[in-house]
Amino acid sequence: MSTPILHYFNLGSLGRGEIVRLFLRELKIEYEDKLYVYDNTWPSVNDSTNVSLTGKLPVLEIDDQRLYQHLAILRYLSRRAGAYDGETNHEKYLVDAVADIYNDWRTGWVTQLTAKAPDYQATHVEKFHRLFTDFYSRDTSGPYLLGNKPTYVDFAVFQALDNDQCIGCGPDALSEPLTKLRDAILVRPNVEQYLAKRVRLELFKQLRNAQ
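Quick note: this note's numbering has the sequence shown finishing at residue 211, numbered continuously throughout.
The hints are simulated quantities; they were obtained by calculation from the structure and are not laboratory data.
Possibly wrong hints are sitting among the right ones.
As the list claims (entries may be wrong) - Below, a list of computed lysine to aspartate or glutamate pairs in the EDC-like style, where the Cα atoms sit at most 20 angstroms apart: (1) Lys127 with Asp100; (2) Lys127 with Asp172; (3) Lys92 with Asp134.
As the list claims (entries may be wrong) - Pair ranges (Cβ atoms, derived): (4) Leu27 with Leu53: 21 to 29 angstroms; (5) Thr179 with Gly12: 19 to 27 angstroms; (6) Ile5 with Asn40: 20 to 28 angstroms; (7) Asn50 with Thr179: 15 to 23 angstroms; (8) Asn103 with Arg80: 34 to 42 angstroms; (9) Leu186 with Gly55: 18 to 26 angstroms; (10) Lys116 with Pro189: 34 to 42 angstroms; (11) Lys116 with Arg138: 28 to 36 angstroms; (12) Gly142 with Thr54: 33 to 41 angstroms; (13) Thr49 with Leu186: 33 to 41 angstroms; (14) Lys56 with Asp183: 26 to 34 angstroms; (15) Asn40 with Gln165: 34 to 42 angstroms; (16) Leu27 with Glu126: 29 to 37 angstroms.
This structure is a prediction, so every number in the text was calculated from the model and none was measured.
Even for Gly, the Cβ is constructed at its ideal location relative to N, Cα and C.
Required output: the full structure, derived from the provided sequences and hints.
Shown next, in the form of structure tokens:
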């Protein structure tokens with residue numbers, strides 16, 4: 001079996017492709033990163049290479065398939081592993097519902113990268129952190145959406161919290177349920193070392209930019 005290839009932009013810890021990276025690490029799937037410059041040359045690069053049917057990244061090549069759309073990729077990997085997707089119909093509904101909310105958050109976050117709305121933190125971040133907190137308050141038996149059972153959407157929400165922080169728009173303080181989620185993901189055995197290295201790199205960038 002060939003090594004899976006993850007095609008994404010060279011954005012560091014930002015963006016949708018990073019969630020797929022984290023989840024591949026969680027599942028202990030070795031993969032190859034294929035990075036592309038994130039600028040106006042991408043459409044012509046894609047035209048010449050036919051990497052993405054949709055014109056967007058990430059794209060994951062795995063199991064002799066080329067997969068598109070990051071949430072669909074996460075669901076594919078979950079079903080491939082036989083876990084991380086909920087067990088009952090209601091659990092699967094909760095995972096899908098929070099995935100939809102996360103996707104709505106991401107639409108606003110991407111717009112903020114260029115539009116720079118001054119009220120983004122006070123409106124968009126506050127709204128979605130309140131929604132995330134409500135869902136993560138429902139099962140108090142553990143830090144994840146489904147209590148002690150991690151799902152793919154936990155990694156997406158973790159990345160949402162991180163990406164708001166990375167662009168300087170994180171909340172002044174996380175709610176208790178979201179703090180528990182963040183702390184739980186940070187010490188997942190298969191991703192802990194990678195995330196610690198990522199945090200150090202982001203701090204270095206912040207210090208360098210402040211000089």
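Can you list which hints this structure breaks, lowest number first?
7, 8, 9, 15
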